Amino acid sequence: DAGITQSPRYKITETGRQVTLMCHQTWSHSYMFWYRQDLGHGLRLIYYSAAADITDKGEVPDGYVVSRSKTENFPLTLESATRSQTSVYFCASSVGEKLFFGSGTQLSVL
Amino acid sequence: KQEVTQIPAALSVPEGENLVLNCSFTDSAIYNLQWFRQDPGKGLTSLLLIQSSQREQTSGRLNASLDKSSGRSTLYIAASQPGDSATYLCAAPNAGGTSYGKLTFGQGTILTVHP
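Chains as they are written, first to last, in my numbering: chain W, 1 to 110; chain A, 1001 to 1115.
Certain hints may be false.
As the list claims (entries may be wrong) - Here are the simulated BS3-like pairs of lysine-lysine, each with C-alpha atoms no more than 27 Å apart in a straight line:
| no. | chain 1 | residue 1 | chain 2 | residue 2 |
| --- | --- | --- | --- | --- |
| 1 | A | Lys1068 | W | Lys70 |
| 2 | W | Lys70 | W | Lys98 |
| 3 | A | Lys1001 | W | Lys98 |
| 4 | W | Lys11 | A | Lys1001 |
| 5 | A | Lys1042 | W | Lys98 |
| 6 | W | Lys98 | A | Lys1102 |
| 7 | W | Lys11 | A | Lys1102 |
| 8 | W | Lys57 | A | Lys1001 |
| 9 | A | Lys1042 | W | Lys11 |
| 10 | A | Lys1102 | W | Lys70 |
| 11 | W | Lys70 | A | Lys1042 |
| 12 | W | Lys98 | A | Lys1068 |
Unchecked claim - Where chain A lies over chain W, by a calculated footprint (3+ residues, C-beta under 8 Å):
| no. | stretch |
| --- | --- |
| 13 | 12-18 |
| 14 | 48-58 |
| 15 | 61-71 |
Stated by the list, open to error - Partial list, derived from the structure: chain A residues whose beta carbon lies under 10 Å from chain W:
| no. | residue |
| --- | --- |
| 16 | Ser1028 |
| 17 | Asn1032 |
| 18 | Phe1036 |
| 19 | Lys1042 |
| 20 | Ala1079 |
| 21 | Gly1083 |
| 22 | Gly1106 |
Don't read these hints as lab results, they were simulated from the structure. Small disclaimer: the values here were computed from a predicted structure and weren't measured. We put the CB at the ideal spot given by N, CA and C, even for glycine.
So here's chain A without its partners, still in its complex pose:
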């Protein structure tokens, strides 16, 4: 059974800092991993989908990497802004391989960026 752990549980940083969110998973037989953002009282928005063949994916100030051999993924946020404040979740396929949306989620990292 896939298990996903995220560290830290919460993070508070001043505006402008570069930061790293960590995600680990137990079943490394996955083809991809996703990072999501959730704002209070809202649904989840997919930020990045990393294929195992890519190992890394970038979108604006966000960069996500995937290391299957170590069972780890990191989300790097450059030059953080108050608008980045949200909960960030990573999710891996339930039973390895592909998932078509059947995902196991981590508990999330609550990020607060203060001016």
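Same shape as in the complex, but just chain W:
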């Protein structure tokens, strides 16, 4: 199906490990985003990308790395996972001002 696909759906990892969350879109939208959703904080922007090879920080970028070598893929890497990074991560793309979200990755860091 067309849209945004995130993988894995669930992930459990340990403190200090590197983790990569995948995001793939089939629309060829220029803009892509990573948000995290936490109780008490709502959704917060981690990183975004305006096009292939163009990325920029959002509100809470520390501890995360992104890349975008192809328009359709926007992986998010936690270089050394911490318990505070336990969250639900959403990838999104936009056309104009309208956002389209993936189903999310629930990440637990033990």
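Given chain W, put chain A in place with the hints provided.
Coordinates of chain A only, in the frame set by chain W:
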């Protein structure tokens, strides 16, 4: 910095009621505002995108209004149904103007419509 607040945090109503969800934002220099729906364990779905020039947008039983001068938006749901049960979030551009997806979200209103 944009801040978005939603009231009430939760709402439980019987089927058939008309209801209003409220959203306020601090930076009124925005060109638009969006309302989203989130079902448990799912991603967000965009419901309505209101341009500041429009002031109001309708989709089926949903109507959203935007008043930049007062920093407020409302989502009106007519004749509520159990299938409307979900969390509703509003979101405004981070730094005023347009956002191209860089949004500040409210905490959401959890709506339960019981038969």
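How the hints compare with the structure:
{"no.": "1", "hint": "Lys1068(A) with Lys70(W)", "in the structure": "38 Å, violated"}
{"no.": "2", "hint": "Lys70(W) with Lys98(W)", "in the structure": "21 Å, holds"}
{"no.": "3", "hint": "Lys1001(A) with Lys98(W)", "in the structure": "21 Å, holds"}
{"no.": "4", "hint": "Lys11(W) with Lys1001(A)", "in the structure": "33 Å, violated"}
{"no.": "5", "hint": "Lys1042(A) with Lys98(W)", "in the structure": "18 Å, holds"}
{"no.": "6", "hint": "Lys98(W) with Lys1102(A)", "in the structure": "11 Å, holds"}
{"no.": "7", "hint": "Lys11(W) with Lys1102(A)", "in the structure": "26 Å, holds"}
{"no.": "8", "hint": "Lys57(W) with Lys1001(A)", "in the structure": "15 Å, holds"}
{"no.": "9", "hint": "Lys1042(A) with Lys11(W)", "in the structure": "16 Å, holds"}
{"no.": "10", "hint": "Lys1102(A) with Lys70(W)", "in the structure": "21 Å, holds"}
{"no.": "11", "hint": "Lys70(W) with Lys1042(A)", "in the structure": "26 Å, holds"}
{"no.": "12", "hint": "Lys98(W) with Lys1068(A)", "in the structure": "19 Å, holds"}
{"no.": "13", "hint": "12-18", "in the structure": "violated (count 0)"}
{"no.": "14", "hint": "48-58", "in the structure": "holds (count 3)"}
{"no.": "15", "hint": "61-71", "in the structure": "violated (count 0)"}
{"no.": "16", "hint": "Ser1028", "in the structure": "17 Å, violated"}
{"no.": "17", "hint": "Asn1032", "in the structure": "5 Å, holds"}
{"no.": "18", "hint": "Phe1036", "in the structure": "8 Å, holds"}
{"no.": "19", "hint": "Lys1042", "in the structure": "6 Å, holds"}
{"no.": "20", "hint": "Ala1079", "in the structure": "26 Å, violated"}
{"no.": "21", "hint": "Gly1083", "in the structure": "19 Å, violated"}
{"no.": "22", "hint": "Gly1106", "in the structure": "7 Å, holds"}
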